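Please take these sequences and the hints and turn them into a complete structure.
Those letters in the sequence shown? Residues 1 to 525, by the UniProt record's numbering.
Don't read these hints as lab results, they were simulated from the structure.
Derived lysine-lysine pairs resembling DSSO-like cross-links, with alpha carbons at most 30 Å apart:
#, residue 1, residue 2
1, Lys-521, Lys-471
2, Lys-291, Lys-255
3, Lys-251, Lys-196
4, Lys-55, Lys-69
5, Lys-253, Lys-196
6, Lys-469, Lys-450
7, Lys-69, Lys-92
8, Lys-314, Lys-263
9, Lys-521, Lys-468
Each pair of labels, with its calculated beta carbon distance range:
#, residue 1, residue 2, range
10, Lys-521, Ala-223, 37 to 43 Å
11, Glu-445, Thr-175, 42 to 48 Å
12, Ile-121, Glu-150, 43 to 49 Å
Just so you know, these numbers come straight off a predicted model, no measurement behind them. From the three backbone atoms N, C-alpha and C, an ideal C-beta is built for every residue, glycine too.
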Amino acid sequence: MKKPAKPDIPQNQKQKEQFRTLKPDSNLYRQMFEHSVIAILIHDLNMNIIDVNDKAIELFGYSKEELLKQKVYALHTESELENSASVREKMKETDKLSVETSFRRKDGSIFFAAVTPTKYILDGTPIIHVYIQDITERKRNEENIAQALEKARESDRLKSAFLANMSHEIRTPMTAIMGFTSFLKTPGINEEKLHKYTRIISDSASHLLSIIDNIIDIAKIEAGQLKVSNANINVNSLMQDLYEFFKSFLKTKNKEHIQLILKIPSSEFFIVSDESRLRQILNNLLNNAIKFTEEGTIEFGFDQDGENLKFYVKDSGIGIPEKYKDIVFNRFAQATQATEIYEGTGLGLAIALACTKLLGGEIWFESEENKGSTFFFSIPENSQTDRVMEPDKDIAIDYQFKGELILVAEDDPYSFEYIERLLHLNNLQVLNTITGDETINKTLENDRIKLVLMDIQMPGISGMEAAKKIKKNRPQLPILAQTAYTSKELKEQIISTGFDGYLTKPFDKEKLLKLIYDNLKKSAH
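This is the structure:
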């Protein structure tokens, strides 16, 4: 009698059965497979899944039955299908690979994995034993690190471009200052040229100082030390001053063909705010408009907008490309643009933004490439609209000095020469010392000294320490500090040390004379 034939069982089904009925001496392997902390998936060369362990079930989110009905391809993300096919072909020729890939879980979420497929032979049939380790967190960290590195490289690139631009910006006015200073030595120079050269030198020096101020202000912004000092402001007068300055400035840039338009209310308007910061915002916006406008018009002005004043600067320049609109207020942003054509440090708009925030306002812009830009900013009015506020005014003084002796503690010979010349022209006598100790001794030896103008940073003993010692012996002797540092903390320290006033370099001659006059008058009573 013939034995009945066994049913035909598919090859991959046979392999699944073999893995479920391992021999007793394979129990150890089976336990290691089932309880491994790493996901393990076993498939044949046709990518049919033969077996999975508990960790793989947990990782993919499918039941064991669901996984055993699938091909490995079905678990991969679409972008990895081609790589998966490539791995399959390679495994026909090799026994082991290490690759990184991505899978999709049952819930649709994606994870990255380090995959190690290893080929074994089971009853003459090759099978692939795959270790799968979730590396999603590592990938995210790598991506974050890569982004941070790219950001750092971009920051370095922008700062390098900024330093190159800054070097150009500083050298440009310095070239004019040094060049036209040399022209002043020309024998027989006529009065017209003398006036022209001195005006160029003065304008270039002012431009250089504004560049330095911008650099200092960026450092203060970084340190959170940018401060405001409120006072009464005649806004119409401020805007008119800016109009006159930039009208002349256009000529120095060979852009006098550009029409500069000022639109302000006919009646004078007064507010309480920080004039230097308000002027700085408008200066930077107008400088920007001039820089990027070759023809047409530049219009600026202000008007009342509820409880705020709304200012604007409108130009017919090149406009801002869409890709740069999100970064125009970033520090060094101009370095990403056409720095070969347009000069500048790239700090102006960042400073304008910081100053506007300090004044309690906001700044924004509208721009269309090749058609122009309009920058707006609004600040609180901080004044009563039903009354007129008078601005602070300096009283014009006819300084009647009587040959008083001033001790100038200054170690820089050129700075001293300027001060000496200025004081001599105003009927004041001058002595010079260059160290703190020498300054102390002079005040003890010579009671004719009526006032000391003290540089804070002196060789040896500091100006601060020298002032303390002088005040111990001559408490009524006025001492004025002169310093190149501008921080609020230093100014407070100067006053607390016992100084009777201070000047920030470079100082205006009228401020110096007024400070000397006021202190001499006070000490005489």
